[in-house]
Amino acid sequence: MRERIYLDQAATSWPKPESVYLAIDGYQRMFGAAAGRGAYTDAVEVSRRVERARAAIARLLNAEGARQIVFAFNGTDALNTAIHGVLAEGGHAITTVADHNSVLRPLRLLEKAGSVEVTRVGCDARGVIDPDDVRRALRRDTKLIAMTHASNVTGALQPARAVGEIAKQADVLFLLDAAQTAGELPIDVRAMHVDLLATPGHKGLLGPLGTGVLYLRPGIEPRVASFRQGGTGTFSEDDAQPETLPDKYEAGNLNVPGILGLGAAVEWLLARGIDAIRGETVSLTERLLERLHGIASLTIYGPSAACERVGLVSFNAPGIDAQEFAGILDSSYGIQVRAGLHCSPLMHAALGTLPHGGAVRLSHGPFNTPAHLDLAAAAIAETVAQIGS
Numbered sequence: 014m015r016e017r018i019y020l021d022q023a024a025t026s027w028p029k030p031e032s033v034y035l036a037i038d039g040y041q042r043m044f045g046a047a048a049g050r051g052a053y054t055d056a057v058e059v060s061r062r063v064e065r066a067r068a069a070i071a072r073l074l075n076a077e078g079a080r081q082i083v084f085a086f087n088g089t090d091a092l093n094t095a096i097h098g099v100l101a102e103g104g105h106a107i108t109t110v111a112d113h114n115s116v117l118r119p120l121r122l123l124e125k126a127g128s129v130e131v132t133r134v135g136c137d138a139r140g141v142i143d144p145d146d147v148r149r150a151l152r153r154d155t156k157l158i159a160m161t162h163a164s165n166v167t168g169a170l171q172p173a174r175a176v177g178e179i180a181k182q183a184d185v186l187f188l189l190d191a192a193q194t195a196g197e198l199p200i201d202v203r204a205m206h207v208d209l210l211a212t213p214g215h216k217g218l219l220g221p222l223g224t225g226v227l228y229l230r231p232g233i234e235p236r237v238a239s240f241r242q243g244g245t246g247t248f249s250e251d252d253a254q255p256e257t258l259p260d261k262y263e264a265g266n267l268n269v270p271g272i273l274g275l276g277a278a279v280e281w282l283l284a285r286g287i288d289a290i291r292g293e294t295v296s297l298t299e300r301l302l303e304r305l306h307g308i309a310s311l312t313i314y315g316p317s318a319a320c321e322r323v324g325l326v327s328f329n330a331p332g333i334d335a336q337e338f339a340g341i342l343d344s345s346y347g348i349q350v351r352a353g354l355h356c357s358p359l360m361h362a363a364l365g366t367l368p369h370g371g372a373v374r375l376s377h378g379p380f381n382t383p384a385h386l387d388l389a390a391a392a393i394a395e396t397v398a399q400i401g402s
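End of the sequence shown sits at 402 in this note's numbering; the numbers just go up one at a time, nothing left out.
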């Protein structure tokens, strides 16, 4: 059987560390109890393991404490919790053309409702925004700056620390979408002046689908309303949602099997070392860029230096739609990549890739090898040659 070469890690990571599978299966077989819903032995042990996962994520982000970590259903849910929570009473928000629909669509909904005004900051040819454009967009009624840490189209790292400093000086909440960076490169929410950070658990964090994380800086809870209410297992005598973290934003039963799998994944990342993972990512990205730049007719998007991007590269070839190109890689070579608009329409509009049907995206992770990327580059070169012949 032909080897499956999976290069869609920016969509969801695969495979997972073995400890992730063991944690999920072990919970389902041995425990099965809900977290925070019982005082018997197994329920207490489940709650302890959930809190261990929370603490591991806090260490990964250098959060002030485990209670600053809120579990969500996915990255989109975490972003919606933050965006709707901060803008519950209206105001002005700033985002960028590099952002994902998980940011753009909630803001567009609030904008259409007439309660929120939104400024969308542009980018340069590499897909990188200028922090001064964010500064110039600030208004007296600005409540939120929401920005991706890295584009899921170009891979370009954004100047998050500089934007965080601008937000801090203006007393505006800064929401960082770390979907493409959490687990791949070091993140220090305190040093970066991040007020809220949202990320899915299933991408660079290497956890299962259906998991997400929202970090909140201590003290900002009064500025972030909860838009989901229900049981928390705490303060059950009160019919109002608790104001304490993480209960304020964790209504209903948690996805315990997913969270325990996520916790195992984050502990695997911590043990391996994020700096080491980042070094391997940059090395693989350099290798891929070098080989793709050797294919003359390709248009490659994003920064030329691997250290200025995450582990993904997007391209287009003349004379062929992006989806068709990806289909050939899959059917003829067993190379699985993502093609299309990647839920980031403004980024593709800025790059001029809409007529191509978006772009072809290759994204690698900790379990990919140099051989995987070499085979992908050779398949791309062969496909381009066949199109041109």
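It is possible that some hints are incorrect.
[Stated by the list, open to error] Derived DSS-like pairs (lysine-lysine); straight-line CA-CA distance at most 30 Å:
id	residue 1	residue 2
1	181	156
2	181	125
3	125	156
I should point out that these hints are in silico values taken from the structure, not numbers from a laboratory.
Hint numbers not upheld by this structure, sorted from lowest to highest: As far as the earlier hints go, not one is violated by this structure.
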